[in-house]
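These protein sequence lines are chains A and B, in that order. Heads up, the first sequence is in my numbering, so the first residue is 1 and it goes up one at a time. Heads up, the second sequence is in my numbering, so the first residue is 1 and it goes up one at a time.
For the record, the hints were derived by calculation from the structure and aren't laboratory data. Given the structure is predicted, the values throughout are model-derived calculations rather than measurements. Nothing false has been slipped in among the hints.
Derived pair list, reagent style DSSO-like, types lysine-lysine, alpha-carbon separation capped at 27 Å: (1) A:Lys52 x B:Lys115; (2) A:Lys288 x B:Lys446; (3) A:Lys162 x B:Lys384; (4) B:Lys220 x A:Lys168; (5) B:Lys384 x A:Lys168; (6) A:Lys249 x B:Lys219; (7) A:Lys288 x B:Lys37; (8) B:Lys22 x A:Lys57; (9) A:Lys52 x B:Lys70; (10) B:Lys282 x A:Lys187; (11) B:Lys446 x A:Lys131; (12) B:Lys280 x A:Lys187; (13) B:Lys478 x A:Lys288; (14) A:Lys187 x A:Lys233; (15) A:Lys249 x B:Lys384; (16) A:Lys187 x B:Lys286; (17) A:Lys249 x B:Lys220.
Sample of chain B residues lacking proximity to chain A, with all beta carbon distances greater than 10 Å (derived): (18) Asp79; (19) Glu99; (20) Glu189; (21) Lys286; (22) Pro314; (23) Leu320; (24) Glu423; (25) Arg427; (26) Thr441; (27) Asp488.
Pairwise CB distance ranges (calculated): (28) A:Gly72 x B:Glu431: 48 to 58 Å; (29) B:Lys501 x A:Lys267: 53 to 63 Å; (30) B:Asn46 x A:Glu165: 33 to 43 Å; (31) A:Lys187 x B:Glu229: 26 to 36 Å; (32) B:Glu43 x A:Asp132: 26 to 36 Å; (33) B:Phe445 x A:Glu22: 54 to 64 Å; (34) A:Asp140 x B:Lys220: 41 to 51 Å; (35) B:Asp178 x A:Phe66: 47 to 57 Å; (36) A:Ser43 x B:Asn456: 47 to 57 Å; (37) B:Lys286 x A:Gly161: 48 to 58 Å; (38) A:Gly72 x B:Asn46: 24 to 34 Å; (39) B:Cys41 x A:Glu73: 27 to 37 Å; (40) A:Thr127 x B:Asp488: 36 to 46 Å.
Cβ atoms here follow ideal geometry from the backbone N, Cα and C, with glycine treated the same way.
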Amino acid sequence: MNQEFLQRRRILTRIPPERVYEEVRRGNKFIVLEEDIDIVPESYVLVDMKYKGDSFKTLVPQQLLFYLANPGEGSIDDALENVADFYNEVEDFEDGAINEGSINVQDINWATTSRSTYQVYLINKLTKNGKDYDKSVLEDLCLNHEYVQQRTRGIAALILGKTAEEIKEAKLTALLKHVTISRTEKKVTENLSKTEAEKVRCYAGSHWELKPEYQTKGPEGESYSIGPWGSVKKTYVKSEEIIEPVINKQITQLEDEIQRYREGKSKKINRHDRNLIRQYINLCYITKENQHFQLDINPSKILENDNPR
Amino acid sequence: MTIPGRLTVELDEQDVQQDLHKIISAMGLIRNEQLTKNGICDENKNEYLHLTYRLASAIGGLADIPLLEKTEGIFTAIDNNPALLSYDYLQDAFWRNTEREFTESLDRIVIALQKDYFTGLEDKHHVFNALKFLGSTEEPFETRMQIYDTILPFNNPASEHNRVLFTNELKKNKISADVVDGLTLVVKEDKDLGKLIKTAAHLGFKDLKTITDDYEIVKKQYPETEVLERFVPETKLKRTSQKLSRLDALKSIALHYIMGNASYFVQKNLEERFGEEYFKPKSATKLAFSVNLFSATANLLYTGLSYLGDLNLPCTYPKLAAVLFLSEVMRSPILLENNEMYNQGCFHMYNQGFIAGNMPGTILFSPLSMYYHLSKNKHQHWIKVPLSSEQDGDKEKYLSRRAHTNFIPFLEDLAQKQLPKVEDNLRWALENHYTQGNYFTIELFKKAESNSFKRNEYRQRESSSMTFYDISDTGLYKKIASLTCFPDQRYVLSVINKDSKIDFDALTRVLSTQKSVREKSDEISSLVNAEYLHLIKFEHGEKTDEHMLLR
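Given only the sequences and the hints, what does the whole structure look like? Please build it.
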């Protein structure tokens with residue numbers, strides 16, 4: 001009886017099907033509607049996106065819609081969480097479309113809007129009033145630590161295609177290893193003062209002799225000999241090397257090093273931290289030089305220890 | 001703020017166009033990062049596929065009949081040559097020679113899609129991937145999956161679809177190479193570097209990894225070259241040491257005996273080159289010393305005995321034995337004790353580790369010693385040469401340069417500025433012969449901010465106009481953005497063409513006529529040979545007309 005009543009009610013007023021209710025209960029943020037509904041679940045908004053007569057209806061949380069419509073406003077942490085979750089769910093929907101080989105113009109608007117909104121909130125998180133960097137956030141991300149600074153500058157240098165010489169000039173030693181190009185060895189003789197020799201009386205009168213400490217070879221194979229009038233010569237093999245700096249790190253390695261360093265400093269690792277650091281590198285070093293070489297900010301990236309989607 | 005329970009959003013082509021630029025830009029960032037890493041991680045592959053799907057959706061939403069006609073040529077080319085599925089912009093030089101129609105169609109599609117936002121031909125890679133996605137929608141699931149496998153931030157010339165093609169090209173140029181490590185061509189030979197660079201750049205490799213024995217000269221010739229590590233050659237010497245390892249004990253002893261007479265320097269070099277397990281200089285010296293001293297002493301005793309006893313025994317070259325005996329006596333202090341004097345002796349017989357040669361051995365093996373001296377400091381090294389299309393030497397440039405993003409909104413803002421006080425400054429008169437347009441320019445650009453707009457000026461007295469323009473060179477194509485100001489009238493123009501020279505005199509004359517915007521567009525298009533043209537007219541600060549043209 002109850003089922004029959006519900007069915008009749010569904011026909012009269014288009015109630016969301018069970019699947020939609022289930023998704024609402026789970027707190028999903030991007031619920032695609034296959035057919036129109038009259039009753040919109042509480043705290044959700046039904047957005048009907050139309051393009052050239054085609055309609056694409058979705059249920060999205062009111063709060064999320066606020067963040068997407070007003071990038072930068074409201075609670076930054078909450079916005080980052082919500083927008084990243086939303087982007088992940090949009091990608092889930094896209095997985096289905098890719099699998100089926102279909103396209104959807106309206107979906108891309110959701111995806112690109114959430115992608116750019118996420119980046120705005122990252123900037124807001126890093127800065128105060130969009131201008132000065134928030135020192136507490138920088139400290140939390142260890143961005144003002146010399147170790148991390150070496151690596152963030154290194155990532156920028158790599159993405160901007162800097163050469164090993166330029167990196168060496170910028171004193172980014174963490175990125176470099178050194179390779180010996182050639183080695184030359186030559187015998188060098190140096191004249192030393194007389195103090196290394198001493199006069200010894202003998203049956204023929206006197207002569208010069210080396211002091212006892214110079215009579216054996218030195219630690220690096222240097223030897224001493226006596227010349228005329230007690231002058232002392234030091235002889236050794238001098239090797240000269242030409243050493244070239246070589247880039248020895250990749251962006252991912254440097255990012256991993258930063259994370260390990262932060263873990264070592266007992267910092268809590270948040271799912272947005274990698275993107276925050278990337279955004280900081282973009283703002284601080286890359287955009288000034290070449291905006292086409294910025295690091296990609298992908299909201300769907302999650303940490304290994306995060307709950308899988 | 002109250003949010004209604006139901007919202008309707010109407011998207012127009014402008015919105016989709018904006019999304020398209022954002023998507024291409026994101027794809028470009030992923031590509032650049034992966035090229036820097038010279039490898040693609042699964043996470044980025046997945047994100048790139050999603051962006052490709054979005055770009056395909058945007059193209060699908062914007063496609064009109066002329067655009068669809070252009071894409072047909074692309075699909076036909078893929079059907080005829082499936083190797084094109086692995087096309088990458090880095091291979092553009094190669095494909096421009098072999099599939100000219102395909103690459104030129106793709107050029108036009110990118111320009112048609114991006115219009116004022118066109119920044120360079122590298123975006124062809126992303127647009128082509130999106131076209132592959134669009135073309136695969138009707139295909140069966142398995143075929144689609146195979147096509148998706150080729151949708152990557154960058155494609156390797158050695159990938160499955162075009163491996164044979166590229167291997168043949170390398171063979172044709174007599175290059176035996178292992179394509180490993182992403183987009184790096186690895187050649188384990190010290191070949192003509194200039195030829196290698198040219199071929200590798202032409203085929204679409206990003207870097208060349210090869211060996212050289214004179215890094216410093218290469219570095220002077222190609223300053224971007226980087227040394228990677230020391231190269232240990234598998235040359236004759238390496239093979240010789242393998243042969244040495246197969247020598248039986250008797251032959252090995254003979255080798256040690258002969259070389260034990262050579263100088264310290266020669267013995268140490270043999271050890272370095274063959275390896276300590278095959279040649280032990282200390283043992284060789286001791287062996288040669290003991291055998292020589294014993295045999296020379298025995299010989300002298302035998303000769304003495306023969307002479308004294310008048311035994312008339314056969315001759316045994318006593319002079320040679322005497323020389324050998326003396327030589328061994330001379331080097332004996334080095335072997336018996338760590339004597340100082342031999343360190344500075346005339347034979348340069350270093351006493352480090354009791355390795356020394358005798359006089360005849362030193363003289364006999366002096367050519368070998370000289371050879372080792374000459375080649376000692378020439379180590380071979382692995383080097384990496386970053387490649388660019390410039391090194392390909394092709395006349396048609398398709399460099400990976402980027403034009404400005406889009407100056408049209410900036411120029412539109414300027415065109416809308418009302419400047420009644422200085423408007424007359426545009427008109428030429430005898431009294432402002434030297435100042436015509438100067439005050440106007442100052443007022444126009446006051447508080448106008450665009451970091452990248454490289455302002456060039458063209459003044460035309462007859463038409464009382466000032467033109468401000470920026471020309472970006474993306475390699476094969478030039479992108480021009482200009483604002484021409486007449487009294488109370490402005491024209492914003494965006495052009496993409498192949499010509500490097502624009503006749504602004506003729507262009508301003510066309511704009512100064514009384515013809516319609518459409519007619520002016522047509523005339524300018526033929527004047528500058530435009531692939532794309534966008535002309536916007538403003539009167540008294542208001543947009544009154546605009547026209548867009550695509551070849």
